[in-house]
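Protein chains in written order, with this note's numbering: chain G, 1 to 119; chain H, 1001 to 1949.
The hints are simulated quantities; they were obtained by calculation from the structure and are not laboratory data. Glycine is no exception: its CB is placed at the ideal position from the N, C-alpha and C atoms. Incorrect hints may appear among the rest.
[Stated by the list, open to error] Mimicking SDA-like on lysine to any residue, the simulated pairs with C-alpha atoms at most 25 Å apart in a straight line are:
1) H/K1449 <-> H/I1094
2) H/K1685 <-> G/D101
3) H/K1889 <-> G/R58
4) H/K1727 <-> G/V61
5) H/K1685 <-> G/R102
6) H/K1727 <-> G/Y64
7) H/K1727 <-> H/I1890
8) H/K1685 <-> G/N104
9) H/K1449 <-> H/L1033
10) H/K1685 <-> G/S91
11) H/K1449 <-> H/D1354
12) H/K1727 <-> G/A53
13) H/K1685 <-> G/L35
14) H/K1727 <-> G/R58
15) H/K1727 <-> G/G60
16) H/K1540 <-> H/S1554
17) H/K1889 <-> G/D59
18) H/K1540 <-> H/I1211
19) H/K1357 <-> H/D1439
20) H/K1727 <-> G/G52
21) H/K1292 <-> H/I1519
22) H/K1727 <-> H/L1906
23) H/K1727 <-> G/D59
24) H/K1292 <-> H/D1439
25) H/K1449 <-> H/L1364
[Claimed, not checked] Pulled from the structure, derived: some chain H residues nowhere near chain G, Cβ distances all over 12 Å:
26) V1070
27) Y1098
28) Y1206
29) E1349
30) E1487
31) G1502
32) M1508
33) A1522
34) I1542
35) H1791
36) T1799
37) A1809
38) Q1851
39) G1857
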Amino acid sequence: MELLIASAIGIMTAAGFYLVLRLRTFPVIVGTALLTYAVNVFLFASGGLRTGAPPILRDGVEAYADPLPQALVLTAIVISFGMTAVVVVISLGAYLGAGEDRVNDDGPRIDPVRAGRAR
Amino acid sequence: MSLFLIVLLPFLGALLPGVMNGASRRTCALATLTVTVTALVGLLSQLPALLAGDTPTARLDWMPDLGLNVTLMLDGLGFFFAALILGIGCLIIIYGRYYLSRNDDMGEFFTYLLLFQGAMVGIVLSDNILLLLVFWELTSLSSFLLIGYWKHLPEGRQGARMALTVTGMGGLAMIGGMLLLGRIVDSYDLSVILENREAIQASPLYLPALILILLGCFTKSAQFPFHFWLPHAMAAPTPVSAYLHSATMVKAGIFLMARMWPVLSGTPEWFWIVSTAGIVTMVVGAAVALFKDDLKALLAFSTVSHLGLITFLLGTGSAYAVVAAVFHILNHATFKAALFMTAGIVDHEAHTRDIRKLGGLRRLMPVTFVIALVAGLSMAGIPLFNGFLSKEMMLEEAAHTTLFGMPLLVPVLATIGALLSAAYSFRFIVHTFLGPVRDDYPSRPHDPKFGMWMPPAILCAMVLAIGVVPFLAEPGVFFVARAVLGEAGQIPEGLHLSIWHGLTPALMMSVIAVIGGAILLAIFGPADAVWRMLRVPRAKSIFDGIVAGAVALSRGLIDRLHDGAFTRYAGAFAAAVLLLGGHAWLTGAVAPPVGAPTPANAVAVAGWAMLAIASAAIVVLHRNRLLALVLLGIIGTIVSLGFAVFSAPDLAMTQISVEVVTVILLLLALNFLPNRTPAESSVVKRVRDGAIAVVAGLLTFGLSLHLLRTGFSEPTISDYFLANSYKGGGGTNVVNVILVDFRGFDTFGEITVLGIAAVVIYALTEALIRGPVGTRLRDRRPDKDLAGDMHPMMMVVLTRVIMPVVLMAGVYIFLRGHNQPGGGFIAGLIVAVAVVMQYMASGYYWAEARQRTPYHGIIGAGVLIAALTGIGAWFTGHPFLTSSFTYLKIPPLDEFEVASAIAFDLGVFLAVVGAVLLSLESFARMARRADKKESDHAMDIDPSRGEKG
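Next comes chain H alone, as it looks inside the complex:
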């Protein structure tokens, strides 16, 4: 199976659960499981090639100029992580199906889970670091959805927000680091980066890049001091916790450190930063974990601690430690996922995860107890369980590591970490399962269904198998470790994964840790009291403090900048435009003047005079709003006449029809707004505004005059359109051919925007009518009495009679558009006007009763037809929206031309009709609410009254 498909499958499959939601829960879970299993099988099918020494790749150029390509690569490390993600993913899906209650939306849950899974698989298979960043951010987003899945829980929402903030900030830092890295080697391909160890480490940008990338890894993998988000993410449903915090999300940071290990490690900086962060996280996490009373919180901090352990191992920079790290990633994923599932089972059955309320579950839930015992002892580091083996290797490595010149520091810290780890593992087992059976559980617990305990049981079988016969895991671990090491290191000769290494220092430390852990649990009561007296500062309050500070700062800025004075914004905007314009004027190239000015004729002067007078009048008389509207109409009409005179028939037709609908729109609005604008501004303010306006007018005048008197300083591209319109686009109306062919993609965007605007208007109107405004609208009385004949018969009859004529004109204008002035835009406006006339003449109810297709549908159909026309070009092997045309002869008609562009133009036509009508209809609906008295019939004399009864 192609690597593309492996990554894409979870994303595509994410559609399934939502669709299946209507079916049974079993079907929904099964569909999800099928997706993951298919991807896993696909992954496994690559194994033979991998073992043969190949590195399967897949490549698709996305934005090659930016160095951003969809390049995927499968090596040992990627395979290992992908197998963990998909394999544990299968178990989580089975477990989740039984865990979720009937009140939880299973489709939503599995959709998020698959999105997350796809993003994770994407990270581990990316061969391009920019692509990796995309997937990295996707995991942050999808984990946000997963953690906040229980939207009704405030902790869930807060935890999700915190996780997103911390990992998102880290992600931002990492983007910076990756860009620096790409700059050093001049490539964003991982395979190239991995070959340039010397160049990267010698670069002055190495340290900043390292710090930024590590920030991303540490936030994601919850390393101190960014560890605090992880426990709060425990508000998520337990399957999510088990998935995100055992095998996937938090391992992403670890994965990246391992991936970058060959190029970034080995320097003192790497060693200091990574191993210090790791060992501190390990001890701090383990200490906090011991004193947590919530089972999941205990496991969460234990996860933090174990991630610290792995980070420490990657930090020391030795090949031995890398083997140990890989081994511990595997072991931790198995026992920690099992433990999380166990905690979920306890919570599910006993309805509490508070250790203080539990105890004695051994007799009530024997199966769960066995699972918890195996996984817990593995976490504690007891021999014959897999956790022991990798922890032993960690202690061995720690025994030989010196930090800050103190040879004993690391071994002692590592032993303390292991001791605390043993203690909390024992506490998990002893305080939950051992002791007497209590009679005050919130719910009487018993073992869950098979489907719920089977997934952790499978993991426990792995824990035991690896723990008892470690050499089974050896080839796999070494294979992955070799992939991590790359050229930068070799697995030490004679190294074997085994239980018995002789009486090594590590064994001594291990023994101390286990015995010490048992003793610490025995004196847990007093120790707990001491811990509570210490009052360790809570990271959450610090985080909340920082967030509150940032919010206060932004609020202060907003209050100052965005103070509601619109006039001031407009002033600032104008000033900015002037500055930019002045800059362009002073620095830009100026073309020489062209020819003599065109002489003006009397008609032009008359038009100009009308426009000038109307503009002056609108300024003086604007308080009478109806008059202002009339004057605006005059100006618009003259503008469209101007277009007609200066060889732009298409523009003239568009302008005049838009003018009509705009005036109708504003009239509808005036129905609600006051008819007069009160005089408020003082004379000083009016003079000031007048001065600003005059200056703006003079400047645009100067600019326009200059533009008209000089030519272009660069050659224009218009000649290309003139020359190719007929040859390439098959039409003689160049403007239309540009719209539907040359610049068809732009037009496609424009009709989409227009459609969105109309839907926005519809939605806003709907919100207004349903809200408190709606009540006010219903109680509102018009300023003036309604006209006696609201629907004058003359007008009704006239509009109905000319409706077919206007529609015919619309069709004619549309059809001839490719060769003569016209086209989809203009035809759409004309048809819209024809329909609007029916609303105006016969009333809303009459028109609505006869309107069959909703206008949203018309907009959608328009955009869809345009898109399909564009996609059609793919089938002939051309890019999106390439048009083609041919000539047809159907007797008895003359030969005529058929261009695919006309289908596109049909889309434009429909979108324009729908958008215009939907906007106007929305306003009209408001009016209907305001005036319920309007009769169901269009007019007092309605020819069709009889048929409707």
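Next comes chain G alone, as it looks inside the complex:
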């Protein structure tokens, strides 16, 4: 089971990395989403893997899954939604403003500050 989880984390990381290195915004966003899964699962797995032992206290039960990584990951999931949404709106603005959705800015650079200074 450990092998399965570890390899799943590895697969998601690899796929996420590949997509993040693409040249358009959308695959980069999808790639970061994949990386988020990988990181969340990794954090979660750091508490160890236990089945059938949710950290809900019951009488007579002694063994529970580690609650701390779960609490950390829970907020991480919600925050990552906020982050994704911000990145999406930025990339949308960039696309609608520039008419293209490349992530690399390698066209002619127009620096507004310098252009203003030229007088």
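Here the structure of chain G is known, so what remains is to put chain H in place on it, guided by the hints.
This is chain H only, laid out in the frame that chain G set:
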């Protein structure tokens, strides 16, 4: 009144002018004045204790581990400066009320002024040097706002920027110096530092600390070669100039030198640096001042010169000089503030401050003339005015000071300085007020209202009172001087402040200075021509050159490092992570392996296979963006199933609901973005990226496997949470109790961040829609034709029917959260999904028309409720966010538990609902702009159509 209150009053009061702004100008000024007067009265109420020999203190531990405490102390020196700051502050507020025109925002002005006042009072009352540094930086910031108050003037903005740059850099140096000083004596308390003169002066760190602290003082007090910012700060409104450059801001450096005098002075280093800087500044400032045609520029350079004089006195290290310095601080504050106000009156009435365009104002503005005459003659050093007395003492001290082994150097320089000072003072009076009345003033001047000339008149009365009967000021000056000297010196026996000391060398120098000054003014025309031929280098161009160089350097660096190639940044980031990870791997402790691996079952293998296939497919097929989204959904679902299997029901529920909103969000975005990603990368690049990705994947795989097969090398804290969740937090769902109780502060931060993210999205969308992008959006045509039935009836009916059910489920999940899987986060997501479904099914207009509370409000309410719950704990004497719980029995219900944490969780719930909905709604708004054709009604068949008509 407590010392805390004296310092806090201006800061708290800074809220008033803004609130009062809606009321009349008089009310606004009156409110400001009340604040300052109250603080002044509070200060004066400490006087009896002070005179009885006490040193009132107030202490509040802030960060004791860092040595940073809010420790305030009031001694003679602090009282003197605080009285100057608050007393002249009162006069400035009255003057400013009449000075500002109707176009100026008075509330803003007085707010800045009070902030500045509070920071200054903070400096002079601090007993902790770290706290002093905080206030020191606050004066830099608030003076920046004051100097740049007239935002429409480029000179104002430049002057403010320059002042901030120079004093800010000095402040940085001073932080270094203070830290060194604190290190030498192992305490940041001023009272401890002041007792360790020997230890400090013997330390090898003494010289670096001295130089760094003096850098801070010299930049603030405009000493050569850092003097150039002060004249440029004259672009500020005149009340600001009068306040900052007579009694406060520039005196902060002087104050600090006086404060540190007992421990830092007396060494050759102190003497060389401080007195040289002082005497040079005095002469240079006076020379430049004489040839300035702008009244305020003349006064500005004269201020530089007089600050040099005081610095020189503090530098010589004798007790006599300290008395003279204290006395001159008082005298300079009185006559210089009066002169600045006079210049402001002239500017206000004649609409110019150019001396060449003025003259003959004596007949037109007799009251102003008298004020200018008294203050000006005091500045010139004429007997019977207070400036004469302290200048005489300075000359006396100079006559006995030897620099660089040349006994005549200092006396001659001091006489030249005094001569130039007399000359520019005469010029101020003669060229502005005397001579024939002209008929080409930009505006016909006359004396201003009483309220405007009253403040400088009060100061002039002080100038005369001290000048004629100096022994009135003697006890006060000696009292302050004793506070400066501390243990390090005694006021010389038999010293008295008096007009006549006999035929001393100082008197001779004084006579030479006054006569020479008069002669210099008589030949001003030729002298001015010679001065202009000299072409003295302008400090501003040097400063601008340095700034331009620094900007070019940073721009070059940025262009090189930040060249827009995102892929390269990502590569650098990955490499850095690998390096750090490798380092940790090689140096960290490794725990022994635990137990045998858990066997895998068929279901797990099937899930794993689906995840692996979906991941592979997303890599291969990612160009079809919709497909990529579907595959992402599959992966997310399997992840949440995984959470469910491995005993994390809360996580599984959160993940699946976040999955839903994320996919909706990306779908909304895809509405605008192209549906396909074009193939651009060459095969080589793809192979390279693939190789990087595979390596990263393998490394994380190895790391995860290692982590899963070994235990922790340190004991974990999780057992604590398991053991105390019910006992301490009153809940059996440990994850929820951690979120809302044990780590409630973290959660509070997280919902705040989430709310900020949503507001950012809203603001960005708003900016997009309003800008040029908005036009493009309105003209945009969708790639594909819109569906014939945009709001299918089945879906509309279904979503409306299940809405109450989903809401009920949300409430249920929320309520049980403390004891069973659920809670604010999950419930918030579920409710958000329910609302979003209405948007999707019935359309934006329909949903918007039925939405009463703005989502910002919901976010705000959520954060506020969470904060109030936390603050509630204070009333029971517990720290922020301590939760408590009890059991209630309300018939006919069973006994149930009420925890204050549930109120906190309600805050979380609201913040999540608001944030999710605000983000999605923002995207939807963009879509609405793009497609104006959408009807006002949700669907072709709308059951509620009739009621809205």
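**Prompt:** Taking 12 Å as the cut and beta carbons as the points, is H/Q1851 off the interface with chain G?
**Reply:** holds, 19 Å
**Asked** Are H/K1540 and H/I1211 close enough, with their CA atoms no more than 25 Å apart?
**Response** holds, 24 Å
**25 Å Cα cutoff - pair H/K1292, H/D1439** = holds, 23 Å
**Message:** With the threshold set at 25 Å, check whether the alpha-carbon distance from H/K1889 to G/D59 stays at or below it.
**Reply:** At roughly 23 Å apart (the allowed maximum being 25 Å), G/D59 and H/K1889 satisfy the hint.
**Message:** Holds or violated: H/K1889 and G/R58, Cα atoms, limit 25 Å.
**Reply:** Answer holds: H/K1889 to G/R58 is near 23 Å, not above 25 Å.
**Request:** Measure nothing beyond the straight line between the CA atoms of H/K1727 and G/Y64; if it is 25 Å or shorter, mark the hint as holding.
**Result:** Given pair H/K1727, G/Y64 holds - Cα atoms ~17 Å apart, limit 25 Å.
**Message:** Checking one constraint from the list: CA of H/K1727 to CA of G/G60, max 25 Å. Satisfied?
**Reply:** holds, 16 Å
**Check on H/Y1098 being off the interface with chain G, judged by Cβ distance over 12 Å** = holds, 38 Å
**Item:** Restraint check for H/K1727 with G/A53, where alpha carbons must lie at most 25 Å apart
**Value:** holds, 20 Å
**Asked** Is the nearest CB of chain G more than 12 Å from the CB of H/V1070?
**Response** The claim stands: H/V1070 keeps its Cβ more than 12 Å from every Cβ of chain G (closest is about 33 Å).
**Pair hint H/K1540 and H/S1554, alpha-carbon separation not exceeding 25 Å** = holds, 21 Å
**Message:** Run the distance test for H/K1685 versus G/N104: straight-line Cα separation, threshold 25 Å.
**Reply:** Holds, at roughly 15 Å.
Checked against the numbered hints given earlier, this structure breaks none of them.
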